[in-house]
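Let the hints inform the model, and build the full structure from the sequences given.
Number of protein chains: 2
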Amino acid sequence: MLFGKILRSKYAHARVMKIDTSKAEALDGVMAVITAKDTPRIKFGFMKDNLPLKEEKVLSCRDEIAAVAAIDEQTAARAIELIDVEYEKITPVFDPLEAIGSGAPQLHEEADKNIAKISFSFRAGNPEAAFSRSDTVCLENTFKVHFMTHTALGTMGSLASYDSNGILTIWANTQAPFMYLKDLAEALGIPGEKIRVIQPFIGGAFGRGMDLYPIDVIAALLSMKTGRPVKILLSREEDLSYSPTRQPAIIKLKTAASKGGQLLARKVEVFLDVGAYVSWGAFDARVMMATASGQYRVENVQFDAWPIYTNNPSSGTMRGAGNPQINFAIESQMDMLAEKLGLDPIELRVRNANKPGDVTSQGMKISTCAMEETLRLAAKEIGWKGRGKEGKNRGIGFSTLFHVAGGARVYRSDGCGAMIKIDDFGKVTIFTGASEIGTGSDTSITQIVAEELWIPLSKIELINKDTALKPWDVGIHASRTTFIGGNAALRAARDAKKQLLRLAAKDLGEDPSNLEIRNGEIFSLSNPRNRVDYAKLLRRSHFNREGTMIMSSSFFDPPTEMSDPETFIGNISMTYGFGTQAVLVEVDNETGKIDVLKVIAVHDAGRILNPNGAEGQIQGGIVMSLSYAMVEQLILEEGMVMNPSFADYKILTSMEIPDIKVSFVGEPDPSGPFGAKGLGEHGCIPTAAALSNAVYDAIGIRLFELPLTSDKVLQAVLNSANAR
Amino acid sequence: MLFGKILRSKYAHARVMKIDTSKAEALDGVMAVITAKDTPRIKFGFMKDNLPLKEEKVLSCRDEIAAVAAIDEQTAARAIELIDVEYEKITPVFDPLEAIGSGAPQLHEEADKNIAKISFSFRAGNPEAAFSRSDTVCLENTFKVHFMTHTALGTMGSLASYDSNGILTIWANTQAPFMYLKDLAEALGIPGEKIRVIQPFIGGAFGRGMDLYPIDVIAALLSMKTGRPVKILLSREEDLSYSPTRQPAIIKLKTAASKGGQLLARKVEVFLDVGAYVSWGAFDARVMMATASGQYRVENVQFDAWPIYTNNPSSGTMRGAGNPQINFAIESQMDMLAEKLGLDPIELRVRNANKPGDVTSQGMKISTCAMEETLRLAAKEIGWKGRGKEGKNRGIGFSTLFHVAGGARVYRSDGCGAMIKIDDFGKVTIFTGASEIGTGSDTSITQIVAEELWIPLSKIELINKDTALKPWDVGIHASRTTFIGGNAALRAARDAKKQLLRLAAKDLGEDPSNLEIRNGEIFSLSNPRNRVDYAKLLRRSHFNREGTMIMSSSFFDPPTEMSDPETFIGNISMTYGFGTQAVLVEVDNETGKIDVLKVIAVHDAGRILNPNGAEGQIQGGIVMSLSYAMVEQLILEEGMVMNPSFADYKILTSMEIPDIKVSFVGEPDPSGPFGAKGLGEHGCIPTAAALSNAVYDAIGIRLFELPLTSDKVLQAVLNSANAR
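Protein sequence lines correspond, in order, to chains A and B.
Numbers given in the working numbering equal positions in the first sequence, counted from 1, plus 2.
Numbers given in the working numbering equal positions in the second sequence, counted from 1, plus 2.
Don't read these hints as lab results, they were simulated from the structure.
Being a predicted model, the structure only gives us computed values, none of them experimental.
Hints should not be assumed to be uniformly reliable.
A pair counts as met if it fits within one copy or between any two copies, since identical chains are not told apart.
Claimed, not checked - In the DSS-like style, the derived pairs of lysine-lysine whose C-alpha atoms are separated by at most 27 Å in a straight line are:
#1 LYS196 <-> LYS538
#2 LYS45 <-> LYS538
#3 LYS467 <-> LYS233
#4 LYS357 <-> LYS367
#5 LYS20 <-> LYS39
#6 LYS467 <-> LYS196
#7 LYS538 <-> LYS50
#8 LYS184 <-> LYS538
#9 LYS59 <-> LYS45
Given below as structure tokens:
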């Protein structure tokens with residue numbers, strides 16, 4: 003195996019005049035040095051605007067210019083230092099609003115005014131009419147969400163091995179191995195069936211595993227050139243500097259409500275800083291749109307988002323996919339609206355809560371929905387007595403959430419396959435398309451199969467690390483895996499059970515409809531003594547003339563629809579999830595330090611299949627978002643990350659985590675496996691707004707820009723006459 | 003990973019008085035030393051007569067007494083030398099006829115007269131009456147077949163890794179991974195679902211991969227004790243000394259025929275030298291029985307075989323599983339009979355040839371059968387002009403064969419599973435139970451699927467190296483894999499094709515019955531312009547609301563029956579194979595050297611799916627058997643192999659291989675995949691007899707004991723007045 007290293011741009015915006023790799027090539031132990039001329043120059047990425055190695059122009063400090071494969075990491079690093087690049091600097095632009103202004107440098111030829119050609123404009127009803135009515139209460143604010151990183155403990159890496167049969171095997175920390183395979187095949191210009199993606203246990207992905215990156219294409223190209231496996235693994239510093247970030251944005255939000263507290267209209271304008279190249283991060287705008295049009299009942303909506311190229315690092319998508327960002331704006335303003343209307347913030351939210359049977363203006367069909375119940379229980383559990391009732395410097399804030407929970411058809415397929423084989427020891431092997439990236443989906447899928455067949459969990463093995471073996475799946479995102487992968491596994495298990503009962507019927511002399519399985523025993527419902535152990539039955543059926551063994555399969559793609567590309571109408575998910583979080587804080591107004599004392603989370607995720615796992619997912623989401631809302635921030639200067647280490651990039655650690663209580667309410671969803679809805683992202687969505695609302699309740703200070711660092715809070719206290 | 007070594011007995015028969023492992027345990031780098039007391043003492047093997055490590059008594063020089071795991075091979079070897087064992091020698095017995103005589107030491111308590119308790123006695127008709135008729139011609143001879151080794155280029159080995167979840171993964175050069183798994187689980191006393199068998203590419207098995215060996219159990223025990231992977235790999239010297247051998251035997255054969263050349267009766271007595279422990283080698287007697295009762299039409303049959311324990315190395319089964327041995331006896335005697343009757347040897351065989359529709363006295367139902375055609379074509383192709391017509395010292399010999407060719411139900415299941423998934427690039431993945439050990443079955447199974455779906459071979463990938471992934475199969479033996487594994491894959495492919503045509507029907511607006519696939523295009527039979535590329539169709543069906551992907555499966559276990567354990571009647575195979583080989587030799591009667599000038603092989607294996615592969619299989623079988631018949635022999639002294647190296651154990655090499663011409667005749671078999679019958683073992687079955695008959699034709703010398711080494715031939719020439 004060889005080790006690869008990448009030379010990146012010295013400047014955020016420059017012309018590349020000359021690349022001299024001769025000294026690097028001459029270094030002992032260097033097996034290959036590649037630049038753009040060694041690549042097929044096929045553009046790839048969400049908008050096909052990126053190249054694995056850049057030729058004429060670099061657009062960010064992350065931009066890849068050359069790569070080396072050498073016998074060890076040290077040699078590769080030394081070789082990178084030996085590559086000489088001549089640049090001609092170009093004026094950069096780092097602010098998205100400047101980038102769309104006149105006089106800004108144009109980064110991509112095809113992007114006029116640096117706006118990527120993808121529309122996120124939605125209209126419902128007549129928002130302008132609502133805003134201009136004399137009897138409404140209007141609020142208009144601008145919110146800003148910042149650069150944060152995914153903080154995955156496993157740094158980004160890629161290990162490619164191109165063999166003599168022309169098969170490229172790639173070990174990748176992707177969360178969408180089949181999409182990755184397709185994208186990589188296109189980027190390399192080779193047929194998809196020549197690529198095999200192995201997805202080892204992954205040290206966290208949180209959304210950044212959705213895209214293919216230059217590092218992947220480069221590892222493949224180096225392996226194809228050398229005929230040897232090549233591993234590129236980013237150091238922590240590289241990972242913090244060159245990985246995608248959560249999509250930052252400027253969100254202008256205007257809301258109108260009746261004096262009685264009925265939401266009438268929302269107008270949202272989002273300016274997305276996509277950085278140098280567009281990723282799935284830009285697609286966060288679609289999730290923002292769904293929340294803008296769907297969280298609470300609101301008839302008149304105007305939503306526009308613009309993905310804007312800058313010379314900043316490219317942003318990606320991250321857990322919640324835009325929802326934590328827009329939720330901060332919407333739920334901050336809900337809190338302001340309640341105050342302006344003189345309403346209790348719980349009461350305002352209840353009056354506008356989504357209800358079962360509602361269809362949002364984007365056509366999203368809400369089936370089960372316990373939003374109101376989550377509000378009431380969260381208020382009760384946090385001990386809500388009303389505004390300003392927590393005593394000096396203490397306060398409580400609330401926020402709700404609306405998110406897909408039954409898959410999300412954001413691509414032409416939202417499907418997942420499953421195959422089952424049962425051996426003669428009664429061991430059940432599930433081949434599932436579903437990827438496990440730490441969410442616990444392997445466990446929930448195993449549970450679903452164990453429950454349907456009613457056999458012990460220990461009898462089940464799950465296979466899903468290799469595209470050569472597992473059936474297709476679109477990837478783990480949008481909180482879809484237990485729902486979609488679970489439904490696929492459930493259907494395959496149902497077929498296996500049917501086969502099993504058919505065998506038992508013959509064996510026991512009963513009708514299959516009169517048989518059931520419990521704890522691995524198949525018995526007659528009318529004569530329970532007539533029974534047989536399922537593994538024994540399998541052996542009897544197997545070790546016989548014209549014997550049989552049980553195999554089954556299913557591909558589950560839900561009856562949902564992609565949004566119409568013009569109108570953005572379409573029921574993209576089979577069901578939706580809801581929740582309320584309440585945060586109790588104490589703020590030190592001499593230091594600006596926020597002390598989070600308690601978080602109450604009440605979520606509607608249908609039937610909970612794995613209570614520990616579900617609670618863990620919600621807790622993890624809350625911790626991630628508290629960290630997002632309070633401390634995490636990539637500091638950029640001239641497009642370069644200035645704090646690429648965990649010494650300088652602060653994250654909340656265990657000592658700083660408050661008491662968190664998680665409860666689940668709501669009905670089993672008829673479309674979910676055993677009634678389950680998705681919840682993987684839900685915990686992280688409402689936390690920032692709830693925190694900010696709690697700070698306001700505590701000290702009367704409202705901040706419109708994340709994170710709520712102590713210095714920012716303190717500065718606001720000093721600036722404000724309002725502060726208590 | 004640690005390296006394991008095994009201490010074996012110094013004597014062929016002894017009591018173990020004391021084992022002192024203290025010095026070995028004290029050696030630096032030694033991680034574990036185990037003896038019988040560290041094992042669960044569970045007997046295993048074909049007759050459950052063996053222990054992984056022996057405690058009180060050793061019965062052969064191969065017997066395992068202790069084992070070591072150390073950080074490297076050198077340390078392990080050194081530790082083995084440091085183990086002190088005190089023995090008390092017992093009189094050994096090496097001759098099977100002596101072993102059943104009075105006064106012989108008894109090796110196993112449960113085996114009276116050293117005869118293993120397994121019956122191989124078959125009767126049909128009234129052979130004694132036929133023998134005593136006055137108008138018959140009778141012949142009675144004793145043939146002896148010897149110890150040979152499988153000569154697999156990959157030596158025996160086992161790599162076991164027991165993990166912290168209690169899962170034992172074992173890399174094994176087995177040819178029956180699921181049987182191996184079951185046997186290993188029983189030998190270790192752990193549940194089968196805790197074991198995963200990985201079968202890497204194997205450097206030859208030829209039958210010895212049918213059994214579980216002490217080496218496998220020892221590797222597992224060492225890994226379980228150390229918690230680390232442990233690899234034991236035999237050196238060439240160990241492999242030749244301690245691996246199983248082809249089943250040696252003394253065969254007494256009596257045949258009666260009418261003066262007109264009709265076979266009337268056969269009486270066969272076989273004394274099998276099984277060595278110290280019984281393996282699948284003893285089961286060779288069942289194949290011998292089938293040949294004795296089924297090769298040619300013969301009504302009256304008496305067959306008895308006795309598996310006899312001796313202090314020799316344990317014998318195993320080997321390609322042909324007893325048939326090359328019994329064929330040598332039967333076809334030598336057919337030649338003698340023809341001479342005695344004054345008939346041409348071809349003519350005698352044609353008069354008694356099996357025919358389609360025949361049922362043998364054991365109940366084996368012959369479907370397709372071109373035995374007569376193989377005889378006539380072989381005679382023609384070798385240029386047969388009659389006995390003694392080849393000139394001085396030259397001669398031609400013939401031999402035919404009868405063997406299973408449609409599976410062989412020698413175990414309660416003869417089944418194999420297959421699963422297929424097709425991805426959206428049109429790539430077809432087959433998970434097959436069938437094991438590839440160098441026979442080309444991976445290719446033939448791939449061909450079968452490609453043919454059924456009519457797509458290019460390059461679009462197909464086959465998965466079958468891991469019991470965790472592949473469906474069950476009984477193992478590769480009895481020339482069954484293309485037939486059984488092929489039928490399973492064909493049925494799964496038919497289901498996949500049905501699904502594909504159903505999708506196409508919807509897409510093209512046609513009835514599925516009006517559609518066909520050619521070269522990956524699905525088209526309307528009535529309007530061939532109405533067509534669609536199958537991969538495009540798959541993508542269209544996949545990337546759609548409620549999309550689909552194709553998965554299918556099949557378990558094929560033939561409608562055959564195990565022989566009745568008392569009467570030995572039962573149609574164990576769906577079809578049978580036939581063939582004739584003709585050998586032209588020149589014998590130097592001054593040196594005894596046999597020069598093989600030409601071999602003609604004409605086989606009936608139904609439709610040949612892969613002409614190159616089939617010819618290669620037949621050629622390989624012929625070479626193996628020429629080597630068996632002419633030079634290969636393990637020389638034993640006091641139960642110890644005296645020639646354990648390729649310097650002293652002679653095999654034929656490429657310079658000594660004659661011209662071989664292979665032809666295939668016969669009809670496609672209705673039960674085979676696309677008409678194929680099995681042929682993997684067939685090439686090696688008739689060669690020895692044809693060679694011996696050719697030597698007789700050349701110089702008038704008949705030998706009754708293999709191998710026909712130069713010294714043996716020369717001695718016979720010197721002893722014989724007959725020799726020309």
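Against the structure, the hints:
With identical chains, the CA atoms of LYS196 and LYS538 are at most 27 Å apart between copies only, with a shortest distance of 17 Å across copies and 42 Å within one. Proximity of LYS45 and LYS538 under a CA criterion of 27 Å is satisfied inter-copy only: 23 Å between copies versus 57 Å inside one chain copy. In this assembly of identical chains, the alpha carbons of LYS467 and LYS233 lie at most 27 Å apart whether taken from the same copy (18 Å) or from different copies (26 Å). For a Cα distance limit of 27 Å, the shortest separation of LYS357 from LYS367 inside one copy, 10 Å, qualifies, whereas the shortest one across copies, 72 Å, does not.
Within a single copy, LYS20 and LYS39 get their C-alpha atoms as close as 12 Å, which meets the 27 Å cut-off; across copies the closest is 73 Å, which misses it. Taking the closest pair of Cα atoms, LYS467 and LYS196 come within 27 Å of each other both inside a single copy (17 Å) and across two copies (20 Å). Only between protomers do LYS538 and LYS50 lie at most 27 Å apart by alpha-carbon distance; the minimum there is 23 Å, versus 56 Å within a single protomer. Taking the closest pair of Cα atoms, LYS184 and LYS538 come within 27 Å of each other only across two copies (15 Å); inside a single copy the shortest separation is 44 Å, beyond that limit.
With identical chains, the CA atoms of LYS59 and LYS45 are at most 27 Å apart within one copy only, with a shortest distance of 14 Å there and 73 Å across copies.
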